[in-house]
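Novice: With these hints in hand, go ahead and build the complete structure from the sequences.
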Amino acid sequence: MQAAFRDNHGLQCGYCTPGMIMSSIDIVHRHGGQLDEETVRQELEGNICRCTGYHNIVKSVARCGRPDEGRAGRRIAPRDHGRLRLRTA
Amino acid sequence: MGVEGIGASVVRKEDKRFITGKGRYVDDVKLVGMSYAHFVRSPHAHAKVKSIDSSEAMKMPGVIAVLTGSELVADKIGNLICGWAITSKDGTPMKMGAWPAMAPETVRFVGQAVAVVNRREQEPGARCRGIRGGRLRGTARG
Chain W
1 MQAAFRDNHG LQCGYCTPGM IMSSIDIVHR HGGQLDEETV RQELEGNICR
51 CTGYHNIVKS VARCGRPDEG RAGRRIAPRD HGRLRLRTA
Chain G
1 MGVEGIGASV VRKEDKRFIT GKGRYVDDVK LVGMSYAHFV RSPHAHAKVK
51 SIDSSEAMKM PGVIAVLTGS ELVADKIGNL ICGWAITSKD GTPMKMGAWP
101 AMAPETVRFV GQAVAVVNRR EQEPGARCRG IRGGRLRGTA RG
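Heads up: the sequence lines are chains W and G, in that order.
Going by my numbering, the residue at position 5 of the first sequence is 5; the numbering climbs one at a time, nothing skipped.
Going by my numbering, the residue at position 68 of the second sequence is 68; the numbering climbs one at a time, nothing skipped.
Quick caveat, the hints were computed from the structure, so don't treat them as lab data.
Any given hint could be a false lead.
Here are some chain G residues the structure puts well away from chain W; computed CB gaps all over 10 angstroms [stated by the list, open to error]:
hint : residue
1    : Gly23
2    : Leu31
3    : Val32
4    : Met60
5    : Val63
6    : Ser70
7    : Ala85
8    : Asp90
9    : Ala98
10   : Ala101
11   : Thr106
Heads up, incomplete: computed chain G residues facing chain W, CB under 8 angstroms, no partners named [as the list claims (entries may be wrong)]:
hint : residue
12   : Gly7
13   : Val11
14   : Phe18
15   : Ile19
16   : Thr20
17   : Tyr25
18   : Asp28
The C-beta atom is built at its ideal place from N, Cα and C for all residues, glycine as well.
Specialist: Given below as structure tokens:
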């Protein structure tokens, strides 16, 4: 997820990023590969980004939720649930 | 889009610290002898500030000072500076109304600062709201 945010310009000032990433990991775990943009937007409701970088945040999560798309996507597949290790980029 | 050079996507250098929770913001900065400013803001869109009673706020632990908009004026602190003042075609400077950092008499928007509480510790929001609701007497008058 961290790589997905980096690769998709999912952050600007970075202030909301820790919360966005933690929420997003949970979203991916619960929805697995079925994540579409609409679902991501609904699930992230309440996480405020004052840079208003929502578009790329949603893109980051949606790409991460589909393991077949891009290298970032493979890092947190649904099957990793329960033994997730956060990578420091 | 190019793979390198002009048009190439560049990975931002600052992203690593932000995505690993190592960002450092003003709120994270702790200095020796530091105190915190809590602004008391208007709940009204347009109102007269009739009086501000800071006596109870001053009794709260750690409070150093309660300063108001009228004190700003009395101390001749001056107004907020317009960063890009323009002139008319005939060269006369633009007309600017007085715009102090805190409203001395009249508030003109919800959230306009009317007073600031300076205290040693940063307090949770609930207690700051107590100061706002209980001690500031601002009356809406159209």
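Novice: Does each hint hold? Answer for all of them.
Specialist: Evaluated hints:
1. Gly23: The assertion about Gly23 of chain G is violated, with a minimum of 5 angstroms to chain W.
2. Leu31: holds (20 angstroms)
3. Val32: holds (25 angstroms)
4. Met60: holds (29 angstroms)
5. Val63: Answer for Val63 of chain G: holds, closest chain W Cβ roughly 29 angstroms.
6. Ser70: holds (32 angstroms)
7. Ala85: Holds, because the least Cβ-Cβ distance between Ala85 of chain G and chain W comes to about 28 angstroms, which exceeds 10 angstroms.
8. Asp90: With a cut-off of 10 angstroms, Asp90 of chain G remains clear of chain W, as the shortest Cβ separation is near 41 angstroms.
9. Ala98: The claim stands: Ala98 of chain G keeps its Cβ more than 10 angstroms from every Cβ of chain W (closest is about 30 angstroms).
10. Ala101: Fine: 22 angstroms to the nearest Cβ keeps Ala101 of chain G off the interface.
11. Thr106: holds (29 angstroms)
12. Gly7: At 15 angstroms from the nearest chain W Cβ, Gly7 of chain G fails the 8 angstroms test, so the hint is violated.
13. Val11: holds (6 angstroms)
14. Phe18: holds (3 angstroms)
15. Ile19: Since chain W brings a Cβ to about 4 angstroms from Ile19 of chain G, closer than 8 angstroms, the hint holds.
16. Thr20: holds (5 angstroms)
17. Tyr25: Holds, about 6 angstroms.
18. Asp28: Hint on Asp28 of chain G: violated, closest Cβ of chain W at ~11 angstroms, above 8 angstroms.
The structure fails to meet hints 1, 12 and 18 from the earlier list, while all remaining hints are met.
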